[in-house]
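Spelled out from the first residue to the last, the chains are:
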Amino acid sequence: MSNDDLKKQIDEARAAYAKTYERPLNQEGQAKGMALGFRMATEFAVGPLVGAAIGWGLDLVFHTKPWMLIIWMMFGFAAGVMNVVRAATASQNAAGSEPVEGVEEE
Amino acid sequence: MMLESINSMINQVATDPIHQFVLNKIADFQIGGFDVSFTNSSAFMLLAVVLAVVLLGVASSKSATIPSRGQSIAEIAYGFVAGMVRDMMGEDGMKFFPLVFSLFIFIFFANMLGMFPYFFTTTSHIIVNMALALLVMAVVIGYGIWKNGFKFFKIFVPSGVPPVLYLLVTPIEIISFASRPLSLSVRLFANMLAGHIMLKVFAGFVIMLASAGGALILLAPVALAGTVAVVALEFLVAFLQAYVFAILTCVYLNDALHPGH
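Line by line, the protein sequences give chains A and B.
Count the first sequence with my numbering and you get residues 1 to 106, in order.
Count the second sequence with my numbering and you get residues 1001 to 1261, in order.
Worth double-checking, as some hints may not be accurate.
A short, non-exhaustive set of chain B residues, derived as facing chain A with CB atoms under 10 angstroms [said to hold, decoys possible]:
#1 1024
#2 1026
#3 1030
#4 1163
#5 1164
#6 1168
#7 1176
#8 1193
#9 1243
Where chain B lies over chain A, by a calculated footprint (3+ residues, C-beta under 8 angstroms) [what the hints assert, rightly or not]:
#10 48-59
#11 72-80
Some chain A residues near chain B, calculated using beta-carbon distances under 8 angstroms [unchecked claim]:
#12 34
#13 38
#14 39
#15 42
#16 63
Simulated from the structure, these hints should not be mistaken for laboratory data.
Backbone N, C-alpha and C fix where the C-beta goes; we use that ideal spot for every residue, glycine too.
Generate the whole structure from the sequences, applying the supplied hints.
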């Protein structure tokens, strides 16, 4: 076997090793990303829901139908956005990168 | 004729994706007019707890210097959760480690048990997750008030805001706080429910296509491959959701430990 052949074989083996070695790392990153995605989706959706529930309850108590529902749903929307901003800021800080400019650090 | 009726029967039983979530009473109990029967859901909760206790007990019984396979799995689980608790709450957060570890292991075992065919997935019923989430919130509020007294309520009135804006900010903060148990429980419930329905529907396609006759039978392997892929995804989700629940428990407990952040 010539020197070049051996070199080629070594390179091939290294490439194969790198390929198999890389995969679990990628999968872990993907899993973390998925976890974050699931989190964001519910963080936001839950805000208006809870706001509407509180507003509906207040309407029942104070007989102010439908104003409390409307107002608290808007509050809920804002709360949902704030939840997402907080989750995103937290995950970014956890990743070790700089916090996004203009976003207040928690 | 006979074959047809059997086919339609199989189709109905095998492709009803909701059937797997039906509660069956195993033993009937009534306490003070409340129905507290032991159901298949209770049975699998119990199984998850017993399995976790027995497996971790056996794994940690020897505590050898050179760990066996079981012991190293238990050690990895401990290290994983302990690292998470320290990262999120600091060293003084370790007093909550038993709570976080129990929640993580229970949800993880319940989710994984749900991956066995014909097993019941307890976490696919929102009331179970809601109970767990409310337990977390009760600890957050209880410990927060006990430790910080009235200062705990500062999380509803963030500092550095012009006083007029409190009219806006405080309701938003209250909603944000009240939405936590809901977001915790809905996420786990929705993922498990949707995943198991998807699995059932994909698996149902295999039977439907195979029994449809003609060229459609050629499509059945495609659906089967899809089912295998979904099973893999579901194993990932089962772990992931336990992880997300545990990490958010840490995030919320951190508010009770260090309010005003």
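Outcome of the hint check:
{"no.": "1", "hint": "1024", "verdict": "violated, 30 angstroms"}
{"no.": "2", "hint": "1026", "verdict": "violated, 32 angstroms"}
{"no.": "3", "hint": "1030", "verdict": "violated, 31 angstroms"}
{"no.": "4", "hint": "1163", "verdict": "violated, 18 angstroms"}
{"no.": "5", "hint": "1164", "verdict": "violated, 16 angstroms"}
{"no.": "6", "hint": "1168", "verdict": "holds, 8 angstroms"}
{"no.": "7", "hint": "1176", "verdict": "holds, 4 angstroms"}
{"no.": "8", "hint": "1193", "verdict": "violated, 13 angstroms"}
{"no.": "9", "hint": "1243", "verdict": "holds, 6 angstroms"}
{"no.": "10", "hint": "48-59", "verdict": "holds (count 4)"}
{"no.": "11", "hint": "72-80", "verdict": "holds (count 6)"}
{"no.": "12", "hint": "34", "verdict": "holds, 6 angstroms"}
{"no.": "13", "hint": "38", "verdict": "holds, 6 angstroms"}
{"no.": "14", "hint": "39", "verdict": "holds, 6 angstroms"}
{"no.": "15", "hint": "42", "verdict": "holds, 4 angstroms"}
{"no.": "16", "hint": "63", "verdict": "violated, 20 angstroms"}
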